[in-house]
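Read top to bottom, the protein sequences are chains A and B. Note that numbering that gives the first Met the number 0 gives residue 111 to position 112 of the first sequence, counting from 1, and the numbers run on in steps of one. Note that numbering that gives the first Met the number 0 gives residue 168 to position 169 of the second sequence, counting from 1, and the numbers run on in steps of one.
Hints were generated in silico from the structure; no laboratory data involved. C-beta: ideal position from N, C-alpha, C; glycine also. Keep in mind that the hints are not guaranteed to be accurate.
Footprint (simulated), chain A over chain B, 3 or more residues, beta carbon under 8 angstroms [unchecked claim]:
no. : segment
1   : 9–15
2   : 49–60
3   : 194–206
Restraint ranges, calculated between C-beta atoms of paired labels, are given here [claimed, not checked]:
no. : chain 1 : residue 1 : chain 2 : residue 2 : range
4   : B       : 54        : A       : 110       : 27 to 33 angstroms
5   : B       : 50        : A       : 134       : 28 to 34 angstroms
6   : B       : 205       : A       : 47        : 40 to 46 angstroms
7   : A       : 148       : B       : 196       : 31 to 37 angstroms
8   : A       : 44        : B       : 205       : 52 to 58 angstroms
9   : A       : 45        : B       : 112       : 18 to 24 angstroms
10  : B       : 6         : A       : 157       : 16 to 22 angstroms
11  : A       : 51        : B       : 10        : 26 to 32 angstroms
Among chain B residues calculated to face chain A with C-beta under 7 angstroms, some are [to be verified]:
no. : residue
12  : 2
13  : 3
14  : 116
15  : 174
16  : 179
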Amino acid sequence: MDGAAIERLYRSHGHVVLRRARSLLGSEHDAQEALQEVFASLLREPSALREARSIVGWLYQATTHYCLNQLRNRRTGLRLLEQRPAAPEAGPGNQEALAEVRKLLAQMPPDAAAAVVCHHLDGMTHDEVAELLGCSRRQVGYLLERAEASVLRMEQSA
Amino acid sequence: MKNPLAQSLWPACLSALQLDRYLLGELSGAAAEEVRAHLDGCARCKAAASTMRPEPLPRLRLLRAPRPRWHRAAAAAAGLAAAASLVIVLRPAPGERPKGNGIALTMYVKHGSEVRRAGPGETVAPGDSVRFAATTPAAAYVAVLSIDPRGHGSVYYPLGPRAESVPAGADVPLPLGTRLDATVGEEKIVGLFCASPVELDPLRARLEQGGIEIPDGCQVTQWSFVKR
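For reference, chain A alone in the conformation it holds in the complex:
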């Protein structure tokens, strides 16, 4: 995949990445950066898409992966995070719940967090999650259960 092809893909599919990054990161600035980064990663590794069964699916995963990393980095830089101006960007009505989920995602094991995003934020069935993440349906159930357990632990220690 060359630069021109990536640019075309960016024009046709970029909005999917941007929308997803907005809801995962809760900040327009950070979402714009995610958009650039996800497509930049294709330039670095043009073969990444060749093996993907679905371009949309690949973009979903690349965006999730990038955004979850950002959420964890933010948590590591908590001191900095607390000084950030609150993200004023509006979106669908469930902003509060989303903000709550973001906090949890940053503290969960990465694979469980990815499953939570697919299931709770994208409304995917366990089958869909399994296909996207390339694991079994049972494994998805296990990941979601781990996520629930880590939420319980966070509640208890809060």
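With chain A held as given, fit chain B onto it using these hints.
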């Protein structure tokens, strides 16, 4: 705390993935027909799909072509770049005393998976990601401008046309990073800390012409890094 995972945050019956794939023409005939039929009869899914349409996107930064106008500005850039060490220029607003040099702009560089705090004169590589953090004793309107080795001026932060408000604090991260393109050489960075949301494009243009006019009420910190 109520468990936020107790219910799905997705407002439709078809998943976001399925709708995106349908809207982008990725589903096979039968699967696409199934989604189409469902959308016809389901207001929730129809409403969800209507929020998933394409929207205007900014330029893809990494693929930007070399800019014209560099001949004229290159000489100016070379002059500016001579100041590789940290320079702080203070110019107080009328009737206001300078607050001293409590302001600073720090750059964080991500090379591969490694992140480091960079200082003036730092050597970085094309493809590295950089992100800035501001230190300011009082809330200020902040912007980060640069002039690349070709003399092309750009605004690293913010996305909008005017400097944006940053709270007082040390190393407050500016919520926008950038990836360095392949132009090698010395790139000059100008951090602006202002009392008002100044317009940035005139400053960027002035920078390309070889100088910077410091607006009233602004403090400026300048330094450069080397890309190779």
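Going down the list of hints, with the structure as the test:
no., hint, in the structure
1, 9–15, "holds (count 7)"
2, 49–60, "holds (count 9)"
3, 194–206, "violated (count 0)"
4, 54/B with 110/A: 27 to 33 angstroms, "holds (31 angstroms)"
5, 50/B with 134/A: 28 to 34 angstroms, "holds (29 angstroms)"
6, 205/B with 47/A: 40 to 46 angstroms, "holds (41 angstroms)"
7, 148/A with 196/B: 31 to 37 angstroms, "violated (47 angstroms)"
8, 44/A with 205/B: 52 to 58 angstroms, "violated (39 angstroms)"
9, 45/A with 112/B: 18 to 24 angstroms, "holds (20 angstroms)"
10, 6/B with 157/A: 16 to 22 angstroms, "holds (20 angstroms)"
11, 51/A with 10/B: 26 to 32 angstroms, "holds (27 angstroms)"
12, 2, "holds (6 angstroms)"
13, 3, "holds (4 angstroms)"
14, 116, "violated (12 angstroms)"
15, 174, "holds (4 angstroms)"
16, 179, "violated (10 angstroms)"
Hint check: violations occur at hints 3, 7, 8, 14, 16; the rest are consistent with the structure.
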